[in-house]
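Top to bottom, those sequences are chains A and B. Sequential numbering from 1 applies to the first sequence in the numbering used here. Sequential numbering from 445 applies to the second sequence in the numbering used here.
Just so you know, the hints here were simulated from the structure itself, not pulled from any lab data. You may find that some hints are simply not true.
Straight-line Cα separation of at most 25 Å, DMTMM-like style, residue types lysine to aspartate or glutamate; simulated pairs [stated by the list, open to error]:
| hint | chain 1 | residue 1 | chain 2 | residue 2 |
| --- | --- | --- | --- | --- |
| 1 | A | K85 | B | E668 |
| 2 | A | K85 | B | D600 |
| 3 | A | K85 | A | D280 |
| 4 | B | K721 | A | E314 |
Coverage of chain A stretches by chain B, computed from C-beta distances (three or more under 8 Å per stretch; other residues unrestricted) [as the list claims (entries may be wrong)]:
| hint | segment |
| --- | --- |
| 5 | 128-134 |
| 6 | 327-341 |
Positions of the beta carbon are idealized from the N, C-alpha and C atoms, including for glycine.
Here are the chains, one letter per residue:
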Amino acid sequence: MRRLAALLIIVSFMAILSAGGESPGGQQWALVSLSFGFVLLGAYLFGDMLSWARFPKITGYIIAGILAGPFVSNFLTAATLEDLKLFDNLALAFIALSAGGELELARLRHRWKTLGISVLFQVIGVFAGVFALIFLGGRFIPFLNNAPMPVVLGAAAVIGVLAIARSPSSAIAIISESRAKGPFTETTLGVTVIIDVLAIALFAATVSLTQAMVRPELTINVLFLVTVGMELIGSVAAGTALGWIVAFYIQRVGTEIPVFILAVAFLVTFFSNQFAEFLDRFYEVRFHFEPMLICMTAGFYIRNYTQIGAFFLERLDRLSLPVYVLFFALIGAALDLRMLGQTWAVAVLLALGRGFFIWASAWLSGRISKNPPVFLQMEGLSYIAQAGVSLGLCGILAKSFPDWGPEAAVTVVAMIAINQFVGPITYQYALEKVGEARHRRRGR
Amino acid sequence: MFQTVAGILILLFISLTGSRKTFVRLRLPFGAKMFFLTGTEFIFIGLILGEPFIALLDRETLQRLGPLFSLGLGYFGLLFGLQFEWEKLRRFSRRFFGAAAIQAGTTLIVVALPFAWMLASGHLALIPGAVACCSSPAMIALVIQETRPPHRADLDLIRYIGGVDTIIGFTVLGLAACMRFPGGLLPGANSLAAFQWMGAAIACGITSGFLLHLLTQVHCKEDELWVFTIGVITFAGGVSLFWGLSPLFVAMVAGMTASNLPGSKDRVFMAIARQEKPFYILFLILAGAVWQPAGWLVFALAAVYLAARTAGKLSGGFLAAAYVGREIKASPWLGAGLMSQSGVAIAVAMELYLSKDPVADLLVAMLITAFVANELLSPPMIYRLVRRTGKSAP
Chain A
1 MRRLAALLII
11 VSFMAILSAG
21 GESPGGQQWA
31 LVSLSFGFVL
41 LGAYLFGDML
51 SWARFPKITG
61 YIIAGILAGP
71 FVSNFLTAAT
81 LEDLKLFDNL
91 ALAFIALSAG
101 GELELARLRH
111 RWKTLGISVL
121 FQVIGVFAGV
131 FALIFLGGRF
141 IPFLNNAPMP
151 VVLGAAAVIG
161 VLAIARSPSS
171 AIAIISESRA
181 KGPFTETTLG
191 VTVIIDVLAI
201 ALFAATVSLT
211 QAMVRPELTI
221 NVLFLVTVGM
231 ELIGSVAAGT
241 ALGWIVAFYI
251 QRVGTEIPVF
261 ILAVAFLVTF
271 FSNQFAEFLD
281 RFYEVRFHFE
291 PMLICMTAGF
301 YIRNYTQIGA
311 FFLERLDRLS
321 LPVYVLFFAL
331 IGAALDLRML
341 GQTWAVAVLL
351 ALGRGFFIWA
361 SAWLSGRISK
371 NPPVFLQMEG
381 LSYIAQAGVS
391 LGLCGILAKS
401 FPDWGPEAAV
411 TVVAMIAINQ
421 FVGPITYQYA
431 LEKVGEARHR
441 RRGR
Chain B
445 MFQTVAGILI
455 LLFISLTGSR
465 KTFVRLRLPF
475 GAKMFFLTGT
485 EFIFIGLILG
495 EPFIALLDRE
505 TLQRLGPLFS
515 LGLGYFGLLF
525 GLQFEWEKLR
535 RFSRRFFGAA
545 AIQAGTTLIV
555 VALPFAWMLA
565 SGHLALIPGA
575 VACCSSPAMI
585 ALVIQETRPP
595 HRADLDLIRY
605 IGGVDTIIGF
615 TVLGLAACMR
625 FPGGLLPGAN
635 SLAAFQWMGA
645 AIACGITSGF
655 LLHLLTQVHC
665 KEDELWVFTI
675 GVITFAGGVS
685 LFWGLSPLFV
695 AMVAGMTASN
705 LPGSKDRVFM
715 AIARQEKPFY
725 ILFLILAGAV
735 WQPAGWLVFA
745 LAAVYLAART
755 AGKLSGGFLA
765 AAYVGREIKA
775 SPWLGAGLMS
785 QSGVAIAVAM
795 ELYLSKDPVA
805 DLLVAMLITA
815 FVANELLSPP
825 MIYRLVRRTG
835 KSAP
């Protein structure tokens, strides 16, 4: 009741301020600060209330973001969202650190076979399934209607790869929220992280092949493939170095660790983007370190190759709640509902198809690995969520194929929106069903 | 952009490592020890990073750090407000509060008058007056801790005034911000416009404080506490800046409201007080970066400010001592013990820096120059007073 009252106060304030129009104080960043506080409080309270109906809190944060965003109440305008992007990137890098830190080699070592089979089946099964869906239903999809065969094939391949991508950020947030621990949790998180990294490499290869296929004057762009390979290797190397620096700081200085970790997350994102811009502007070289991969590697290094792994994770966990609230609420606010409205039919079909192929692949790989029956049924539900990397890849898709890429990207973004909404719910359900979720006791 | 990132990196590095390496009991002569204990050296670090020297934290970069200023201002306002629990203040004699009001009021008038004449602006003159009111309770506590005098009632009085005069300073600052508005809050009602906006600022602060209370009064987990506290700080700061009110004042009212309602205010206070050092150092560095002490006018104004403040504090202290004279025998040189300025002066300078007042830059430079000079001069004065009144055993 008290939290509902608090939420009403915050919303009333925002309604009054929004109705008032321009800031009389004339401070250009007053809105950023205001929106930051509003998102943090409003989304958390909304998510908390929704959790009473057994929804994951992050679903509540996403819904709160949608409601506050430019397509519903416009409390968070498009310009403010752009300003808040900085915090969004920061949160993503932070979550990647956590995701890497959760992968403990000592525990995963016993499950390499299960992990490998699951990854293989997921990649092949989901790709093949979605590819077939697009290829066969191409004439019913607006942007592929009347398109020549190479374009249909190329689009099917690219969207198929995009369907593989997962959301480690959602997975780690749900695990953190439900305090889940156990073999199922470790396997699903491991598979999610590995597949997300693989998706980047596969996407680059597919884009290159598709370009050569749809535009015969182009040959396979080897340089593009090499660049992507270098990006991945470079990101892993940078992540290892970063892990060493963070560990060194924690061991030698050891003060204000949460602030330091946040600063590191922020700087990784910032430097990655700036470095890419710098190379593009001065040397016309397109090379981009992947901040998420850097942070994942850093988290993984600290967890597995230093003495402070557990301590580091515990510190990250203390800081995680505001980060998750902000990140998922901003994802919700940024969801383009207009776009979803235009392409919802294809997007829903794609999401359903993808969900089915994920479930089927997981079931099959689980059978081969001789997993317990409950794992067989639930594993597929753990991989639905999509965000972050897939959204970034959609941007590349739009740029790489100017004829049909932008429309395809719109459809895929709509599918990702559905998956991002449904995925956390199904993953939490799965964790509860396998008995690994240990929700925190509520204080009220 | 690179500069922004490098600037943030350096700021954070110095703040984090600095909070560990300073504010500790160093083996140094008394004056130098006090200098390091107040962290004044970070202002010089900021100055070097700023535009006059290596220009890493130039004006453009500082503008981009705007939300950080807002968070910091809200943080300090709330932290200060949370300390004013009526139940605790009531334990002291009412005359103590009267003495604090007399001392702060006298200082305000003595400082604001010459500035009103020089700047030809009432609301701008109130700003140095408001800063002058504030004393550093931390410095007083440090000197007392350093000199270990036996318990004396007038030391309690100094400590009390040092804590309470900031309320008056922040309130005047809040009023000064409200005086910037040409019209009233309500359409068509322009009489007492500043007080209408002041009412809005108080209402905003009380609502924010009530919000914090609502969210934390029943036990909440540590991470939830952080979400609520940061959320309320930034929300209140954003609302204040949106309306052009003083974030320090609004956050202080929020803190005072929360601290006087039953709930887990102690946990909130402890949670945010733990982060005080990095925030304070960050503000000191930023203050150094915006500090442009070039030009005789800055030094002249700083000299006027320091002279007026010293006169105000001494005369205010004299009057306050006379006022409480019936209850306790206080030193007529009480004002000397209140000479040190708290980090509040820096926070005010930062708030002023964010305002669009045409003379803001000059006043900011003047306030920071005066702060530095004051922090160098005031510890020996407090030390002498404490020795004289407390027969200390150094």
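Hints violated by the structure (numbers, ascending): 2, 5 and 6
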